[in-house]
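Undergrad: For the sequence shown, the numbering used here begins at 2 and goes up steadily by one.
Note that these hints are calculated values from the structure, not bench results. It is possible that some hints are incorrect.
[Claimed, not checked] DSSO-like cross-link-like pairs, simulated, lysine-lysine; straight-line CA separation at most 27 Å:
| no. | residue 1 | residue 2 |
| --- | --- | --- |
| 1 | LYS69 | LYS16 |
| 2 | LYS110 | LYS72 |
| 3 | LYS93 | LYS69 |
| 4 | LYS69 | LYS85 |
| 5 | LYS121 | LYS134 |
| 6 | LYS86 | LYS110 |
| 7 | LYS16 | LYS136 |
| 8 | LYS110 | LYS85 |
| 9 | LYS121 | LYS85 |
| 10 | LYS16 | LYS110 |
| 11 | LYS39 | LYS85 |
| 12 | LYS72 | LYS24 |
| 13 | LYS85 | LYS24 |
| 14 | LYS72 | LYS39 |
| 15 | LYS136 | LYS110 |
| 16 | LYS86 | LYS136 |
| 17 | LYS121 | LYS110 |
| 18 | LYS39 | LYS24 |
| 19 | LYS69 | LYS134 |
| 20 | LYS39 | LYS93 |
| 21 | LYS134 | LYS72 |
| 22 | LYS93 | LYS16 |
| 23 | LYS136 | LYS121 |
| 24 | LYS16 | LYS134 |
| 25 | LYS121 | LYS72 |
| 26 | LYS110 | LYS134 |
| 27 | LYS24 | LYS110 |
| 28 | LYS86 | LYS39 |
| 29 | LYS93 | LYS134 |
| 30 | LYS134 | LYS24 |
[What the hints assert, rightly or not] Computed beta-carbon distance windows for the label pairs:
| no. | residue 1 | residue 2 | range |
| --- | --- | --- | --- |
| 31 | PRO75 | LYS136 | 39 to 47 Å |
| 32 | GLU65 | THR135 | 38 to 46 Å |
| 33 | PRO138 | ILE113 | 21 to 29 Å |
| 34 | ILE26 | THR135 | 41 to 49 Å |
| 35 | ILE71 | PRO139 | 38 to 46 Å |
| 36 | ARG99 | THR56 | 19 to 27 Å |
| 37 | GLU88 | LEU48 | 41 to 49 Å |
| 38 | ASN117 | ARG40 | 16 to 24 Å |
| 39 | SER20 | GLU68 | 32 to 40 Å |
| 40 | LYS72 | ASP140 | 20 to 28 Å |
Ideal Cβ placement from N, Cα and C applies to all residues, glycine included.
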Amino acid sequence: MDTPGTPSVNLPDIKTLESLIEKLIEANSTIPVVVEGKRDRDALRMLGAQGEIITIHSGSTLYEFSEKLIKRYPEVILLTDWDKKGELLYGKLASLLRGSYEGHEHIRKELIRLTNSLIKEVEELPALMEYLKTKYPPDTRD
Numbered sequence: 002m003d004t005p006g007t008p009s010v011n012l013p014d015i016k017t018l019e020s021l022i023e024k025l026i027e028a029n030s031t032i033p034v035v036v037e038g039k040r041d042r043d044a045l046r047m048l049g050a051q052g053e054i055i056t057i058h059s060g061s062t063l064y065e066f067s068e069k070l071i072k073r074y075p076e077v078i079l080l081t082d083w084d085k086k087g088e089l090l091y092g093k094l095a096s097l098l099r100g101s102y103e104g105h106e107h108i109r110k111e112l113i114r115l116t117n118s119l120i121k122e123v124e125e126l127p128a129l130m131e132y133l134k135t136k137y138p139p140d141t142r143d
């Protein structure tokens, strides 16, 4: 991440990213987060998420997976990666989960806006946050 040509992140964006992750963790205390796989789930745990985190790749079709979610939860936070595969998956799930995820759609959109030039996967969030905290320690941000 600290290579020539890597876009820099300005300090307000770091604070916004930290705040957004805190909001995600807080929301996850009552609302399940849907991620692509185990590494994404582990990454959210590393960031402090303690609520239910559901992985998509659990052996059923997307339709079956979505039907189970709709029956079990009134709402979910849909957090797929923002690489090409993740975007396709997000589009399919968003269509199947219509009415269940929109209330928290802003979390994923804002994560993409803040990190798109640096990372493309949920599993990369802990490393990015560690990098930013090392490069821009909290006492140097004000």
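Undergrad: In ascending order, which of the hints set out earlier in this document are inconsistent with the structure?
TA: Hint check: 1, 16, 19, 21, 22, 25, 29, 34, 37 and 40 fail, others pass.
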